[in-house]
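K.L.:
Listed here are the chains, written in short residue letters.
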Amino acid sequence: MRIVKRVLSTYSADNFGVCSALYELGGLVVMHDASGCNSTYNTHDEPRWYNMDSLVFISGLTEKNAIFGNDDKLISDLVTAAHEFHPRFIAVCGGPLPHIIGTDFRAVAKAVERQCGIPTFGFQTNGMDSYISGAGQALEALVSMMPERKDDTNTGSAKVNILGVTPLDFSMNGSVEELRKLLERKGFKVGSTWAMGDDLDHLLKSADASVNLVVSAVGLRAAAAMEKKFGIPYVVGLPAGKKVTERIADELRRKAVCDREHIEYAAESQSPEQCQNADILIIGEPVQSLAIRETLSVSFGTEHTRIISPMHGLPKEIISLGCEKVELEDELREACASAKHVIADPLYARLLPNERDKFIFLPHVAYSGRYYENEVPILIGERLDRWIESAMAGNL
Amino acid sequence: MEPFYLTAAEFARRGRSDFPKEESPSHALIYSSPATLSYNSPGANGYGVKRAGLAIPESVMLLVSPGCCGRNSTILSSVSGYSDRMFYLLMDETDLVTGRHLKKIPQAVREIVEVPEKKPKVVVICITCVDALLGTDLVRICKKAEQESGVHVVPSYMYALMREGTKPPMTAIRQSVYSLLEKRPKNPHAVNLLGQFAPYDDDCEIYPMFRKVGLTKIREIGRMKTLDEYLEMGEANFNLVLNPETRYAADDLMERLGMPYIEMTRFYDPDRIAKQYALLGGALGVKFDDTKWHAEAEAALSAFRERHPELTFAVGQTLNANPFELSAALLKFGYRVERIFANASPDDLPFITRIANMSPETRIYTSISPTMMLYKCEGSVDITLGKDAAYYYPDAANVPFFSDVQPFGYTGLMRLLREMEEVL
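Protein chains in written order, with our numbering: chain A, 10 to 405; chain B, 2 to 425.
Just chain B, same shape as in the assembly:
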């Protein structure tokens, strides 16, 4: 038996109407392939729900869950700087049957607020799948806890059970972390970058380009040091959504605060980056001058191609990029992409179609399929992108390209080229 894959051509041909059911986690048993091992509790690489919830400045989190759901949080938080921000209310069997744990939450919040030397200003309550099934009204409980403790209490939901619904956990937590924003007088010079929990690279062209057109107050949750700073995000004239998982939060902000949003996609193809800035400028009624960065990115790309005219890639999904968009860009640069290890969604089809046009035989492996256990390292790959791809090709050069601080735009591409240069 072979591990399940489709060639890019097959994938593209099937389209939305015959989208492979193997890509759905509910189709069969799930293999925790290396692609799913992001070690993403508080304190490790990447952001899971718990670490993401702590993006609100001056917040702590109370995780209310059975032992098996919370075990990793305490271990990692203890050694990675979150030890004073994670608290845990362990559920037992009686709690599950009677819902008794819900009555304990206000007391638990009082304990958390009373004890630490530095009193938190926000307590984020995180509940898990069991409460999804119990139909817990966490908003009501948070209100009660807020009244009793005198601090903000924010509900959040780690409902893995709903990962295929309209509001999967990483979408829900993005709504939670912006839920404390309140309506403030609009500042026409203010914009929020929504999408990530850590900031974008300091040298990202967005900052100088935006400032040049008068957007001088550029705010991101990852740069907010205090709750007061965070609350200033409520004055933004609009939100720029840089990750589709933030769309739900942006809709919520539009509804609650009347804050409109524009969405941008993270591309690694400089032509697309340029086109997107032009479209954004058109929507805002300004013209972004991206000439300098565009030229630098093209020059860096040319130099890289000169030094490495022929490379074969394997691309994973544990990286700061959409693996399909990145693969399409690499193919356009003239490289070969032999393998992609990633779970695709119908939204990825435009990229997959581009891949199919340039490299129809590129194989797209479904990383959660149990059959991935049978994967044998074959073919010649020079470089892998993402640590999951490195697992399958351990002898190839690897660029993990998976940092908290996020790449974007031309500078994102230049960073990728630099990191690849370092390992080649």
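Isolated chain A, as found in the complex:
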């Protein structure tokens, strides 16, 4: 098997995921590494960079400080910046270099918090895992900042938090606003949105929600943490596709008023064996891919659809629903070759340059960065059905 990537990219890294998840919340977020990570994140993975200020910096690790393991410099720089900018919280994460020298970010965070009295988080990222891991850790950490709920404030009206929205998965195309409106049309009160278009105070006060809706794999860890801390149940699923949306709405209502003990996945699991010879292959973010598969199944009668989610750090429960992890370029090429239609980011079409017609482009910022960001479709609610009809007209 060939080991070189010739045409494919890599998914946004875990340290970028941390920055993306926390971007709008008024924190000081620092990547600890030499440099380069910052410009890759800012230029490729952060569509808000030019229009919205955020205290995202890089530490500028030097050779000397790396060799001598001089964490004091990092701590001192963080404390200085905290005194200058008075952030709501501080987050520090690493790239590959601190991973090699074994920087203990949790210890760094403790030292910083002790010195400046601002809640500080350290994330053991390494620049090699995917954004799902980093953004997931970041949102999970915010749960620890949420004050204990004084009493059960659940009044029976279904209040829903949306967990797991970052531009990496949802772009800046209005999907998040559409998601909120859709839930309101379905009779839910939308609490907080983790973490786009919302502020930290609102997020920290969202323990009064009756149920959480996890719309991407990024939100799973925060959902689990909130379930543990506040007993808030959660449903995993993206309300995309008319029937999937109805199903998710039903599950949310059910969770809001009863059966609060369980987690619900708004997707049927399919084993990899069932999907091996599927006509349709989806490559992408797992929760979105599951919604597309469900819609293809229940609204368009497609029996089996194969899902490949090639990113590191996928939670086991997602894999168990039938999202395969395939990373080698040759294996992905083989998978694309054996499918009749491939729904994937445009970069994947480079695998089969002579068969571009079989690709249905679904740009994913976490994969191709901002390059196709203006072409990311909104798939919320019935828009997914219309997108499928238009993209696959006559082929289903």
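Simulated from the structure, these hints should not be mistaken for lab results. Not one of these hints is a red herring.
Label pairs and their in silico Cβ distance ranges:
hint, chain 1, residue 1, chain 2, residue 2, range
1, A, Lys238, B, Asp93, 28 to 36 Å
2, A, Asn79, B, Val98, 17 to 25 Å
3, A, Lys238, B, Asp19, 47 to 55 Å
The model shown is predicted, which means the values in this text are computed figures rather than measured ones. Ideal Cβ placement from N, Cα and C applies to all residues, glycine included.
Position chain B relative to chain A; hints supplied.
P.N.:
Just chain B now, kept in the frame of chain A:
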């Protein structure tokens, strides 16, 4: 709190002995201000290490790195004509701990050479900071890969970790791209222009002036179409270094091939351009006749000043000029320079001192300082030079002046004046 800046007068007064520590990237956290967002992987504007490494004709690059370092390369190369020249060996955690990835490199090179329809003649291996820490001996690995694959394998280093050392990444890559040159019989009519990865403007006066004094073989890596053409650069009688980051490569060529070099600076002040050509001629024992271009540049400048007698500038650092030299030139032309957004080095002090003499209140902002987030657009600026300056003054006319093909000398100044005229 205000963003960090010094006036030109303060800067000049502090001098080398008290050079502001805020200008050093290792002083504090680094803000990726617009000045650092050059989008410079393969296929975008400007040259970073990866795109620069591909300046060797008929070469491809194998980037060996963790995901976060290489992600941008594949995205941009796919849509900008480099898609068949960039290859990627992704490192995982085990590689970092054990150095296992190094054993994979020869196999990876074999794969690269075997598969493409057009076999590359050179594979440039680019490794990153993690290998700097691991102490990787890439030269040895390249030799092995070369033996196994039968093509040239060139080591290159994207060591951001060493950006403040004697051999920062853009200096190191310049050495790498000339490393295949071999000693050839000297041709007294041959000269190499070293400094950039793309050529200088076709109409640059250097070409006709040099030809007139017998330097008929003027070579630049950006004009070499084939490896054989590139290798002919080995016959140069001397190298002309037009960018200080190439000094290390020129030293290497002097040591390996006995090829001496002369250094020139890119000026936008016609008097300095003239003086520099005179000095170069003196060093070479010839006299360059630059009368025609000097007169044209002066005429273009006079006409521009007549049409635009009063202008206030803000100058960034993402442009084909040293922002301090350019600012000094603009001040000399009689214009105001209100703001400069650039990181200074001690080598810039002579220019800053000139600025201080003409406009002591000009503010020099440190673009990497986190405090730049607090910058508020203030004062009246008519025109910005560099897209980073445009970020801070979005309503002013802007000339990005940031192209791959490089301006130089009198024609460089005339091009700048033309581009400014277009936006005013």
